[in-house]
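Colleague: Those protein sequences? They're chains Y and X, same order as listed.
Each residue of the first sequence is one higher than the last, beginning at 0 in numbering that gives the first Met the number 0.
Each residue of the second sequence is one higher than the last, beginning at 0 in numbering that gives the first Met the number 0.
In case anyone wonders, no lab produced these hints; they're calculated from the structure.
Backbone N, C-alpha and C fix where the C-beta goes; we use that ideal spot for every residue, glycine too.
Please note that a few of the clues may not be correct.
[To be verified] Partner residues are not named here, just some residues of chain X that face chain Y (Cβ under 7 Å, in silico):
no. : residue
1   : Glu-26
2   : Asp-27
3   : Glu-29
4   : Asp-54
5   : Leu-57
6   : Leu-58
7   : Arg-60
8   : Asp-547
9   : Gln-548
10  : Leu-551
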Amino acid sequence: MGKYSIGEFEEVILLTVAVLYENAYGISIKEDIEKRLGRKVSVGAMRTALSRLEKKGFLKSEFGEASAVRGGKRKRYFKVTPHGKKALEKVMEDRSKLWEAIPSMAFDFKFA
Amino acid sequence: MNNSLQTVLPKLPLRFLKWFCSPELIEDVEGDLSELFAMREEESKVKARFWFYLDVLLLFRPGIIKQVEFNKGLNQYNMLSNYLKIAFRNALRYKGYTFLNLFGLIVGIASSILVLMWVDDERSINKFHANGDEIYQAFRNMKQSNGMVSTTTSTPKPLGDLVREEYSEVDQVVWLSQSMELKIQLGDQLVDESGSFASPEALDMFTFDLILGDKGTALTELNSILVSESVALKYFGDNWRNEAIGKVLRIEDAMDAIVSGVFKDLGAKSTMDFNWLMNAQAYFGVNPWVNDWGNGSFQTFLRISDESKVQTVSDKILMEIKDHTVGNPNAGDEEVIIYKYEDTYLYSNFDNGVVSGGRIDFVRIMTIVAIFILIVACINFMNLTTARSSRRSKEIGLRKVMGAPKKSIRTQFYFEAFLLTAVAVTISVFVVIMAMPYFNDLVGKQLSVDFSDQRTWYFLIGLIFSVGLVSGSYPAVLLPAISIVQSIKGTMKQPSYAAYFRKGLVIFQFTVSTLLIIGTTVVYKQIDYVLNKDLGLNKDNLLAVGIDQGILGRLDTYKSELMRLPDVKAVSAASGNPLDYGRSTSSTNWEGKNPADGYEVNVMLTDEDLISTMGMEMLQGRDFSLQLEDSTNFIINEVAAEMMGFDDPLGKKLSFWGIDGRIIGVVKNFHMRNLYEPIAPLIITCIDPQRSNVVLVRIGDNMSETISAIEKVTASLSPESEFEYQFIDEAYEESYRNEKTVSKLANIFALISILISSLGLLGLASYSAEQRSREIGVRKVHGASVLQILMLLSKDYSKLIFIAFIVAIPFGFMVTQNWLDNFEFRTSLDPMVFIIAGVMALLIGVLTVTAKSYQAATVNPVKSLKQE
Chain Y
0 MGKYSIGEFE EVILLTVAVL YENAYGISIK EDIEKRLGRK VSVGAMRTAL SRLEKKGFLK
60 SEFGEASAVR GGKRKRYFKV TPHGKKALEK VMEDRSKLWE AIPSMAFDFK FA
Chain X
0 MNNSLQTVLP KLPLRFLKWF CSPELIEDVE GDLSELFAMR EEESKVKARF WFYLDVLLLF
60 RPGIIKQVEF NKGLNQYNML SNYLKIAFRN ALRYKGYTFL NLFGLIVGIA SSILVLMWVD
120 DERSINKFHA NGDEIYQAFR NMKQSNGMVS TTTSTPKPLG DLVREEYSEV DQVVWLSQSM
180 ELKIQLGDQL VDESGSFASP EALDMFTFDL ILGDKGTALT ELNSILVSES VALKYFGDNW
240 RNEAIGKVLR IEDAMDAIVS GVFKDLGAKS TMDFNWLMNA QAYFGVNPWV NDWGNGSFQT
300 FLRISDESKV QTVSDKILME IKDHTVGNPN AGDEEVIIYK YEDTYLYSNF DNGVVSGGRI
360 DFVRIMTIVA IFILIVACIN FMNLTTARSS RRSKEIGLRK VMGAPKKSIR TQFYFEAFLL
420 TAVAVTISVF VVIMAMPYFN DLVGKQLSVD FSDQRTWYFL IGLIFSVGLV SGSYPAVLLP
480 AISIVQSIKG TMKQPSYAAY FRKGLVIFQF TVSTLLIIGT TVVYKQIDYV LNKDLGLNKD
540 NLLAVGIDQG ILGRLDTYKS ELMRLPDVKA VSAASGNPLD YGRSTSSTNW EGKNPADGYE
600 VNVMLTDEDL ISTMGMEMLQ GRDFSLQLED STNFIINEVA AEMMGFDDPL GKKLSFWGID
660 GRIIGVVKNF HMRNLYEPIA PLIITCIDPQ RSNVVLVRIG DNMSETISAI EKVTASLSPE
720 SEFEYQFIDE AYEESYRNEK TVSKLANIFA LISILISSLG LLGLASYSAE QRSREIGVRK
780 VHGASVLQIL MLLSKDYSKL IFIAFIVAIP FGFMVTQNWL DNFEFRTSLD PMVFIIAGVM
840 ALLIGVLTVT AKSYQAATVN PVKSLKQE
């Protein structure tokens, strides 16, 4: 926890931003999650998660070009910051620590 | 991207989005949404729109909604929260003063709320009629040759007929009888119920809540009867809603009436009080005497919807009775006046035919008192705040150095005043709710705080603002004026007027308190006088038993049966309670009377035992000895003797109601009405004891046993009638209930006022003792005794209370004398009253100051001088 505190949905968003690399903006993130993970994402939930992540410093953003399909509005592209990367690594690390700590018998359901 | 996919977003949600979305996010969010919309539009336009609406709604969440702008960038909000913080810190730091302040305010506000609720209730009585502002009641002024005018509501019935036919200005005319008791029988159930005869239009003119029946037709038949909900429940049981209508009730064993409606019980908000209503024509039909212009019978109500016509009507109606009774032997010199019915409850006293007040006097007095109490409580706040302003002077100075203008310091002190008041009002409301049952007991009402009523909230908010404004105003004017340099240096001197003003306020508080004590004492003395006055008869251990036809027929048997009871001393039948009597005639004639003069003389019908039973005193002549012998002999009272102008009334001829007889005695005056009114002339006759309504029984001290014995006798002679009795002295006391209530209220208020004032004084005294602690130390080092220091400290404030006493005397004298003047019979204004009030206020005030000063005076000077 501490300075790398991150929620599950936030983690998904952050990872997706990393996956999309140069093409991570609102709609692409939403679509990617929906396609890859098969879960519904509302614009509102995603938007709040993005701004929260940006406030925590895990993401940074800049405006891209305007396009007609967006009604002349510019896209805001997101990028994972080094701090965000550390946060993701921390989460991974925590999880693998836990995975490693699981005794081999624990998931052996045959005798359960 | 394809340019042809230029999309048009739905306008309404877009505007909503633009309104709430934070400006940093709006461009991107809007772009995302339009991109999504374009994609979805390819599938289905309807779906795209639907999702767009939903997305916008889902975006309405914290994190995306912009910060509310008015707290951003402006300092007001921060300053207010700072004021709030400082106010709390100050309040907690000086807990004692905060407590004094709050306690005074709470006591003052709570008691004012209670009294204002009482006032509001008084004002709301009879105001529930929807057409209330169009209903006028006719009153009859009967002029008497001695210059007095007596006013009554019972008007001749033909007056109503005349107005109905000839007055185009009047929309409706309604007759309503005075309340009368009738025996109502259903099966074997027979009960006396009081009610009235009324015109069918009464249901339309007044707003009586009909539960069953139609107000247009319910009273139109001669044999219809409407009953109240409680009577319906009594006769028809729980299922009265289905049972009552169409049932036949036997009235006085003389006629059958069909229940045609049930109305809601009239309740405490109505002075009209009837449990049944019957058609007035049914009464007129069997009582032809009502058709005489000379006989007052029913109350007459007029509905005049055009207010500009009211004057015309009252001009026209004025002389109607006189014009129609020319040559009528029952005629008197009479005028008819009309008053708005709603006002007749508060303005019920008539003095020489003109309204001279009534309960409105009490309502006004109590309103003024409530406001004064509030002011006294506000003054505490002012004085405590300004006196202790040196505590805050550094804060004020610093605020000014940091650039605070006077205005914002003023705002701060108003803010603190409003805050404290809001807390006090909130707590007061709880206090009021807790105290409500006791208060209701005291005033005999059923009041309750109704939070669903908007007026309650308006009132409470108004209270917070007015009390906050008054108590905050003086500190808010005085404190910002402090000079910066002085306040920072800590040598702050308040302007000299500030101390004077403070003293002035203390004087005001104690003047109010002293006035209230004076007022209470005078009211108490007058009520004591009223209740203990020699009324001309002995009202103790005296019972009035209601009797009916069954007993009247065997009156002599009844009397002798009662006399055989061991604890019954005397028995007499009479046509009413002698202490509350008003049956009069203007047909009297006597030797030497000027035929042109009209006099209204009371007539009491009784038997030969009245004078002795009542303990009345004969001044001249003799008492009746035997009813049969004395049936045309009359006894008159002193007032009548004087009015008739006889030097020696004995043996003089006197006639009324067509009975000729002679005067055989003069009885000492006794009071037949309340003490607001003079004693009226009276003729006592024993010609027909059968026309009595009550039997007066003088009993010994063995009351409960005797009463049940009397009940047995009554039941044996008249099995079907209810046994009803009252103690004459209790009934008499009851008739002054209003005065007693006000006296109790005033008493409590006087106590509260002096309590609040003393609290304020306590705060001031302890503060000045604290400020002068060094001075006291130095004095003690130089050998001053505790007593001397006590004198020194108490002197200042005692002087103020003494001044307050001097100021209160003339006001108190004026006010109380004015009130006493209402009474025809009154106690004298005793200087002792003023002295007692003054000494009480002085004693309480001085004790408060001295107690605090004693604390200061006994401190070891080492302690107070040590700290530098």
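Colleague: It remains to establish, for every hint, whether it holds in the given structure.
Modeller: Status of the hints after comparison with the structure:
Interface hint status for X:Glu-26: upheld, as the beta-carbon distance to the closest one in chain Y is roughly 5 Å, under 7 Å. The closest approach between the C-beta of X:Asp-27 and any C-beta of chain Y is roughly 4 Å, which is under the 7 Å cut-off, so the hint is satisfied. For X:Glu-29, the interface hint holds, since its Cβ comes within 7 Å of a Cβ in chain Y; the closest pair sits about 5 Å apart. Interface hint status for X:Asp-54: upheld, as the beta-carbon distance to the closest one in chain Y is roughly 5 Å, under 7 Å.
Taken as an interface hint, X:Leu-57 checks out: its beta carbon lies about 4 Å from the nearest beta carbon of chain Y, inside 7 Å. A cut of 7 Å between beta carbons decides the hint on X:Leu-58: the least distance to chain Y is about 4 Å, and the hint holds. Because the closest C-beta pair between X:Arg-60 and chain Y is about 6 Å apart, less than 7 Å, the hint holds. Taking 7 Å as the C-beta cut-off, the interface hint given for X:Asp-547 is violated, the closest approach to chain Y being about 84 Å.
Of the supplied interface hints, the one on X:Gln-548 is violated, with its beta-carbon coming no nearer than about 88 Å to a beta-carbon of chain Y, more than 7 Å. With its C-beta approaching chain Y no nearer than about 90 Å, X:Leu-551 sits outside the 7 Å limit, and its interface hint is violated.
Violated hints, in rising order: 8, 9 and 10; the structure is consistent with all others.
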